[in-house]
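K.L.:
Chain by chain, the residues:
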Amino acid sequence: MAGDGLNHVSMTLTEQLPILQVLVPFVAAPLIVFIGSRSLAWPIAFASSIASFAIAVLLLGQVIDGDVISYHIGGWAPPLGIEYRVDATNAFVLLLISGISSVVLPFARASLSAELPPRKHTLFYALFMLCLTGLLGVVITGDAFNVFVFLEISSLSTYVLIAQGASRDKRALSSAYNYLIMGTIGATFFVIGIGFLYMTTGTLNMADLAVRLEGQGDNRTVQAAFAFIVVGIGLKAAIYPLHFWLPNAYTFAPSVVTAFLAATATKMAIYVLLRFMFTVFQPAFLDDGITLEVIILPFAIMAMFAASLSAVFQRDLKRMLAYSSVAQIGYMLLGITFFSETGLMATIVHLFNHGITKAALFMGVGCYVMQVGGGFYSQLSGAGKTMPWTSAAVVVAALSLVGIPGTAGFISKWLLIEAALDRGWWIVALLVVASSLLAVIYVWRLIEALYLSQPAEGKTPQEVPMGMLLPLWIMAGACLYFGFDTDITLSASRSAAQGLLSGSVAVH
Amino acid sequence: MDPMTTEFILGHVNYWLFVILMMTGLYIVIAKGNLVKKIVGLNIFQVSVFMLYISVGKISGGTAPIFPLDMQIDPAVIYSNPLPHVLILTAIVVGIATTSLGLALIVRIREEFDTIEEDRIEEIEHDMALAEIAYHDAQSGRQA
Numbered sequence: 011m012a013g014d015g016l017n018h019v020s021m022t023l024t025e026q027l028p029i030l031q032v033l034v035p036f037v038a039a040p041l042i043v044f045i046g047s048r049s050l051a052w053p054i055a056f057a058s059s060i061a062s063f064a065i066a067v068l069l070l071g072q073v074i075d076g077d078v079i080s081y082h083i084g085g086w087a088p089p090l091g092i093e094y095r096v097d098a099t100n101a102f103v104l105l106l107i108s109g110i111s112s113v114v115l116p117f118a119r120a121s122l123s124a125e126l127p128p129r130k131h132t133l134f135y136a137l138f139m140l141c142l143t144g145l146l147g148v149v150i151t152g153d154a155f156n157v158f159v160f161l162e163i164s165s166l167s168t169y170v171l172i173a174q175g176a177s178r179d180k181r182a183l184s185s186a187y188n189y190l191i192m193g194t195i196g197a198t199f200f201v202i203g204i205g206f207l208y209m210t211t212g213t214l215n216m217a218d219l220a221v222r223l224e225g226q227g228d229n230r231t232v233q234a235a236f237a238f239i240v241v242g243i244g245l246k247a248a249i250y251p252l253h254f255w256l257p258n259a260y261t262f263a264p265s266v267v268t269a270f271l272a273a274t275a276t277k278m279a280i281y282v283l284l285r286f287m288f289t290v291f292q293p294a295f296l297d298d299g300i301t302l303e304v305i306i307l308p309f310a311i312m313a314m315f316a317a318s319l320s321a322v323f324q325r326d327l328k329r330m331l332a333y334s335s336v337a338q339i340g341y342m343l344l345g346i347t348f349f350s351e352t353g354l355m356a357t358i359v360h361l362f363n364h365g366i367t368k369a370a371l372f373m374g375v376g377c378y379v380m381q382v383g384g385g386f387y388s389q390l391s392g393a394g395k396t397m398p399w400t401s402a403a404v405v406v407a408a409l410s411l412v413g414i415p416g417t418a419g420f421i422s423k424w425l426l427i428e429a430a431l432d433r434g435w436w437i438v439a440l441l442v443v444a445s446s447l448l449a450v451i452y453v454w455r456l457i458e459a460l461y462l463s464q465p466a467e468g469k470t471p472q473e474v475p476m477g478m479l480l481p482l483w484i485m486a487g488a489c490l491y492f493g494f495d496t497d498i499t500l501s502a503s504r505s506a507a508q509g510l511l512s513g514s515v516a517v518h
Numbered sequence: 003m004d005p006m007t008t009e010f011i012l013g014h015v016n017y018w019l020f021v022i023l024m025m026t027g028l029y030i031v032i033a034k035g036n037l038v039k040k041i042v043g044l045n046i047f048q049v050s051v052f053m054l055y056i057s058v059g060k061i062s063g064g065t066a067p068i069f070p071l072d073m074q075i076d077p078a079v080i081y082s083n084p085l086p087h088v089l090i091l092t093a094i095v096v097g098i099a100t101t102s103l104g105l106a107l108i109v110r111i112r113e114e115f116d117t118i119e120e121d122r123i124e125e126i127e128h129d130m131a132l133a134e135i136a137y138h139d140a141q142s143g144r145q146a
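Chains as they are written, first to last, in the numbering used here: chain A, 11 to 518; chain B, 3 to 146.
No lab work stands behind these hints, which were simulated from the structure alone.
Worth double-checking, as some hints may not be accurate.
[To be verified] Once the Cα atoms are required to be at most 20 Å apart in a straight line, the calculated EDC-like pairs of lysine to aspartate or glutamate come out as: (1) 180/A - 9/B; (2) 180/A - 72/B; (3) 180/A - 124/B; (4) 180/A - 121/B; (5) 60/B - 9/B; (6) 180/A - 76/B; (7) 180/A - 127/B; (8) 180/A - 120/B.
[Claimed, not checked] Covered by chain B, per the in silico footprint, the following chain A stretches (three or more residues, Cβ under 8 Å): (9) 265-279; (10) 387-394.
What you are looking at is a predicted structure, and each value in this text was computed from that prediction instead of being measured.
Beta carbons: idealized from backbone N, C-alpha and C, even for Gly.
Just chain A, with the same shape it has in the complex (with noise of 0.2 Å):
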């Protein structure tokens, strides 16, 4: 069986990029526990994410205009053996996670030394490099049950990963224990669904069950297996409400780790949502207009609204930016419910936008906790003069946050107004200039507290080494960049768009 469709098993490198992406970062994970030297742990880590990268790069340059790419594991064809399939839209998300990653790392470095003791450092690069192959292999996967598994290697890790704050902040231990119930609950009610699939399909290969799912709308057990999947997925989406696992979560684990997730662990479960959505369930499945209208399009505004009201009331810029998060979610849906082109663009973009700013938003964060000791407004007042560089780091990517031209934060909003002008639905884009409002409200506490208060007396912080500076402004950069250079993220954000509305399944 093994090579079938196959007329010789070539093992030239660009052939096997799609394995490769998860495979690199999965062989790194144990080779940093076996060798278990501190010294080692951190360059095998970056090293493997940088190769993640780079390949995550040359699969986009593949597939952005709209090809796709099939990778068969073992040589085992679909739908019987597990299938890699990278389109437009994973390319980019994977491009994100594994850029992130590379970004994120060398800001580990010297943030880990402040907030974790040494002895926790090689495990806990292993448990980073065990939560990104997690991730790539949710995104890049084409096989329903296979995206289980990979998600509970992300879920795993990121548990353990978000329970080491608990060498600052004890709530770091029962914030994970939460997040394990919730995110168990979520990810038992997605194998449900595929179980559902599974009976009604007898495959589990997503491009097969699209095929199989085709005029089974009236099914009920298609429809149940729909809701199960949009429930347990939107657990781990953080879907309001199903967020409450997420405030404590992000708020005490160590930043390092609240810049990777924040920017890549929510973005994945929106991508997993909008597959299943789109290539799975077919958009002519959702054309009835009462999924999304009445049941999605509610809950992304009640986010947009309510989340960010949250996030006006914290003292903790930490904390603030959690609830922030779960408001840009609601963007995110709220693109999906347009139900058009220019809606899922929206989307993408939006989810690829929002990684940056928050990651950039969250590293500066570590930068306050390494220098003043927490992320209170009270510890960050007059950290505009003492740590000039952090805070104007911080500021641009705030106002990415908010929205305003010249920023990513901008190009995305953009799109989802005249997304939401094209349905005719001028109340939405209303809405959604008002719930920026509510975001400049949250930024202006920021400000505030940076640059028109005073520094407590006595207390000069300083600077952050250049190892996390770097970092942090490559991503405030990109913040920057991507409000005015938008011709990668806008024709990948396109064909991927186009490839889910078509509800393209390409022959193997």
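Got chain A; can you put chain B on it based on the hints?
P.N.:
Only chain B this time, still in chain A's reference frame:
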């Protein structure tokens, strides 16, 4: 098949068991305040899904999906579907990892909070949050 006939109810007995176990598990996770009991509930919840998968792999009259050693396969023999079993093998491993990690976290929580009751932990966290807010408000008050 008409719903709610005896035949319908008996014919779907695996689904009824699945629903009852699933709801029992989910109820324990939500309703119990003891962290260990929550993990037990989570296990029951997961096991219900394992049962759902395995039971749908069964084919009436089907035998264990093992080919004879000489590979002389008799086309008349019906085999049960082995794939769901394999999938659930993976899911069981994931379930064990989740359980052990959850229990390990509970040990650490017990060390730090001196309790494994959710109510008590929430009380402690609430007090910590209030103390933090009071402290930082006083700090910013001094600066103003």
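K.L.:
Holds or violated: residue 60/B with residue 9/B, Cα cutoff 20 Å?
P.N.:
Holds: residue 60/B and residue 9/B sit about 18 Å apart, inside 20 Å.
K.L.:
Can you tell me if the segment 387-394 of chain A counts as covered by chain B, using C-beta to C-beta distances under 8 Å and a minimum of three residues?
P.N.:
Holds: 4 residues of the segment 387-394 of chain A have a Cβ under 8 Å from chain B.
K.L.:
Check the hint pairing residue 180/A with residue 120/B against an upper bound of 20 Å on the C-alpha distance.
P.N.:
holds, 14 Å
K.L.:
Given the proposed pairing of residue 180/A with residue 9/B, does the C-alpha separation stay at or below 20 Å?
P.N.:
violated, 55 Å
K.L.:
Hey, residue 180/A versus residue 121/B, does the alpha-carbon distance stay inside 20 Å?
P.N.:
With a Cα-Cα distance of about 16 Å, the restraint between residue 180/A and residue 121/B holds, given a limit of 20 Å.
K.L.:
So if I understand the rule, the pair passes when the alpha-carbon distance is 20 Å or less; does residue 180/A with residue 124/B pass?
P.N.:
holds, 12 Å
K.L.:
Take the C-alpha atoms of residue 180/A and residue 72/B, compute the straight-line distance between them, and say whether it is at most 20 Å.
P.N.:
violated, 61 Å
K.L.:
Three residues minimum, CB to CB under 8 Å: does the segment 265-279 of chain A make the cut for coverage by chain B? Let me know.
P.N.:
violated (count 0)
K.L.:
Taking 20 Å as the top limit, are the C-alpha atoms of residue 180/A and residue 127/B close enough?
P.N.:
Holds: residue 180/A and residue 127/B sit about 9 Å apart, inside 20 Å.
K.L.:
Given the hinted pair residue 180/A and residue 76/B, is their alpha-carbon gap at most 20 Å?
P.N.:
violated, 63 Å
Figure legend: structure checked against the earlier numbered hints; hints not met, in rising order: 1, 2, 6, 9.
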